[in-house]
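All chains, full assembly: derive it from the sequences and hints.
Read off the chains here:
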Amino acid sequence: MNEAEAKTLVLDVLSSIAPEADLAGLRGKVALRDELDLDSMDFLNFITFLHQRTGINIPEADYPKLSTLDSAVAYLHR
Amino acid sequence: MSEPAAGRAFLTNLYPRIVKPHGAAGVPPNLPDYQQARSAFTWEAARALLDGLPGGRGLNIAHEAVDRHALGSRADREALRWIGRAGGQRILTYRDLKAATNRFANALRSLGVQEGDSVFVLAGRIPELYIAVLGGLKAKCVVSPLFSAFGPEPLATRLGIGEGRVLVTTEPLYRRKVAALRPSLPKLEHVILVADEGDAPTEVPGTLDWRQLLEPQSPDFVIPPTAPEDRALLHFTSGTTGRPKGAIHVHEAVVTHHITGRYALDLHDDDIFWCTADPGWVTGTSYGIIAPLTNGVTSVVAEAEFDSATWYGILQRERVTVWYTAPTAIRMMMKLGIDAVRGFDLSSLRFLASVGEPLNPEAVVWGQQAFGRPFHDNWWQTETGGIMIANFVAMDVKPGSMGKPLPGIEAAIVQHNTDGSVTPIDQPMVEGELALKAGWPSMMRGYLNEEERYRKCFIGPWYLTGDLAMCDSDGYYWFVGRADDVIKSSGHLIGPFEVESALMEHPAVAEAGVIGKPDPMAGEIVKAFVALNPGFSPSEALRRELLGHARKRLGAVVAPKEIDFSPGLPRTRSGKIMRRLLKAREFGLPEGDLSTLESDVR
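Heads up: the protein sequence lines correspond to chains A and B, in order. Those letters in the first sequence? Residues 54 to 131, by the working numbering. Those letters in the second sequence? Residues 1183 to 1784, by the working numbering.
These are computed hints drawn from the structure, not numbers from a lab. Any given hint might turn out to be false.
Pair by pair, the computed Cβ-Cβ distance ranges are [as the list claims (entries may be wrong)]: (1) A:VAL83 - B:GLU1633: 42 to 48 angstroms; (2) A:THR61 - B:GLY1298: 52 to 58 angstroms; (3) B:ILE1273 - A:THR61: 33 to 39 angstroms; (4) B:VAL1612 - A:THR61: 56 to 62 angstroms; (5) A:GLU113 - B:PRO1210: 36 to 42 angstroms; (6) A:ARG80 - B:PHE1526: 30 to 36 angstroms; (7) A:ILE109 - B:ARG1635: 47 to 53 angstroms; (8) B:ARG1357 - A:LYS118: 29 to 35 angstroms; (9) B:LYS1369 - A:ARG80: 49 to 55 angstroms; (10) A:ASN110 - B:ALA1362: 41 to 47 angstroms; (11) A:THR101 - B:ALA1257: 46 to 52 angstroms; (12) B:PRO1610 - A:THR61: 58 to 64 angstroms; (13) B:ALA1257 - A:GLU56: 55 to 61 angstroms; (14) A:ASN55 - B:SER1529: 45 to 51 angstroms.
As the structure is a computational prediction, the values presented were derived from the model and not from experiment. By construction, the Cβ of each residue, glycine as well, lies at the ideal position given by its N, Cα and C atoms.
Written out as structure tokens, the structure reads:
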């Protein structure tokens, strides 16, 4: 998956969890939980959906690496 | 849905009892012998552990939490050790905390805020929140902390019911959630915004800047005479129907906060205590602010949300000795596995406690494997103000049980009789409603402006908790479920009515039914069933629109996590949505008696 695809995927998953969010204005380096008002269950769902859509196994220890838009995109297309 | 009681007895034996070593080396427990402590206990003796206001002027929570230590040998001890999200630290000694809370109390006075006025606090876990709560108590205001993840609608409801005159919050939260509500909150006169440390003062029309307001204030303040029955705290909780209820607590509650800190959390003089709960919920106030401070210990406040590596880092670096956390967090740590704990030196930990929802026995036992100590579950509610039933440090733990009643607390499992009375059930492991003998210091004194709902909580001498439970032959209590439809998600009570009402505001929604769906992490998650108005049809786009609509109004913690479309919702003949039936269908449970059902929509 290239970077653009990864970003599209992340944004699509986020919009299914927080459809009210203004994703166009999302700042790449700020924690998603703050930017989008996600609670801990939302964040777990975010990881679960990414896994379901990509098949990429995301071990729990890596969760912090997906905490911002930029870092999540980087994680998926590395 | 109830099984014969005999069928449940096995629950108590699924996991072996964790036997506590007696007379072991280390810190002697505050409550070494449960039975003895229970029979010797009096509330008068518990009250005598506190100082009272100088000159016999009464009892004020903030004096017990702050001033009496600042005036004594603990003055230069760290009261709050705040760890910012970015890793920065701010330390407030008891002396610092006294001056800061005095400044805030003086600021309130300078604004003309009177005794009895409500001061609301809406912020993440920042030091100013703690200062505002304690300073507000000094000024004898009624303080109500709100959860910062609430959306505008829950905030408007609570600020409206509580007739908030002052709100302390931050600029981002104000802009996102409160500014648009101002016209509908005529009683809200003063909004005080806290800027980030090092940032310029906030300049938002219609608001005041915290630092500019506090800086000119005197660090001296004399707490006015405070009667133990004077109102102190307002904590909102949710019922099945109607608006959220504002449970009123009085200054005398501090007697319970203090003694439960000693007995249920085993707080000792030199402890480093960390309660992970947010002060927006009652745990984060009673045990995140008050109890550790009245006991004179150092209280760690972490701004960051749950992340296991961050949390283990805090436990290690701050040398936390007593840790009070919640089942959802524990289950997330379990998911991460024991290996993630291994790299950390957590040898300072002495006592681990959990509250929020029943802690599953696996999690109790996991505490032993991961930290060398079991998690000690305890039970209480917004209405009880403090811990009522607990697993104590010197008592064997039966994994899955909430433990035994605190000294001074009489609990019972009661059955409801046809004449409206209740009778305690004597046989062990028979399901009934958990009840507490009314009259302990931190018992709520009312629901604000809801006398009728308050009265309904009491029958005869008993306060009825709304929780179904059982008591075994050793006197350990076991949680069974809620007696009503209130949803318990990640330890937070969520009223289905509040969620249904928000969904109903959307033009597409004809009716909505909201239930708690069991979830391995959160205990329950909020699930909504909606029936659509003519002209609307189910689609993924509409589902997302409804979800977004609910999240915008309610905030992430209250909004549904799942929305299903349903052609119609089952109602009773009187028109009430049968959430019990929605739940039964969702999980394939027996549906029970359907004789009052209006429409069957399968």
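Structure-based check of each hint:
| no. | hint | verdict |
| --- | --- | --- |
| 1 | A:VAL83 - B:GLU1633: 42 to 48 angstroms | holds, 46 angstroms |
| 2 | A:THR61 - B:GLY1298: 52 to 58 angstroms | holds, 55 angstroms |
| 3 | B:ILE1273 - A:THR61: 33 to 39 angstroms | violated, 46 angstroms |
| 4 | B:VAL1612 - A:THR61: 56 to 62 angstroms | holds, 57 angstroms |
| 5 | A:GLU113 - B:PRO1210: 36 to 42 angstroms | holds, 38 angstroms |
| 6 | A:ARG80 - B:PHE1526: 30 to 36 angstroms | holds, 32 angstroms |
| 7 | A:ILE109 - B:ARG1635: 47 to 53 angstroms | holds, 50 angstroms |
| 8 | B:ARG1357 - A:LYS118: 29 to 35 angstroms | holds, 30 angstroms |
| 9 | B:LYS1369 - A:ARG80: 49 to 55 angstroms | violated, 35 angstroms |
| 10 | A:ASN110 - B:ALA1362: 41 to 47 angstroms | holds, 43 angstroms |
| 11 | A:THR101 - B:ALA1257: 46 to 52 angstroms | holds, 50 angstroms |
| 12 | B:PRO1610 - A:THR61: 58 to 64 angstroms | holds, 59 angstroms |
| 13 | B:ALA1257 - A:GLU56: 55 to 61 angstroms | holds, 56 angstroms |
| 14 | A:ASN55 - B:SER1529: 45 to 51 angstroms | holds, 47 angstroms |
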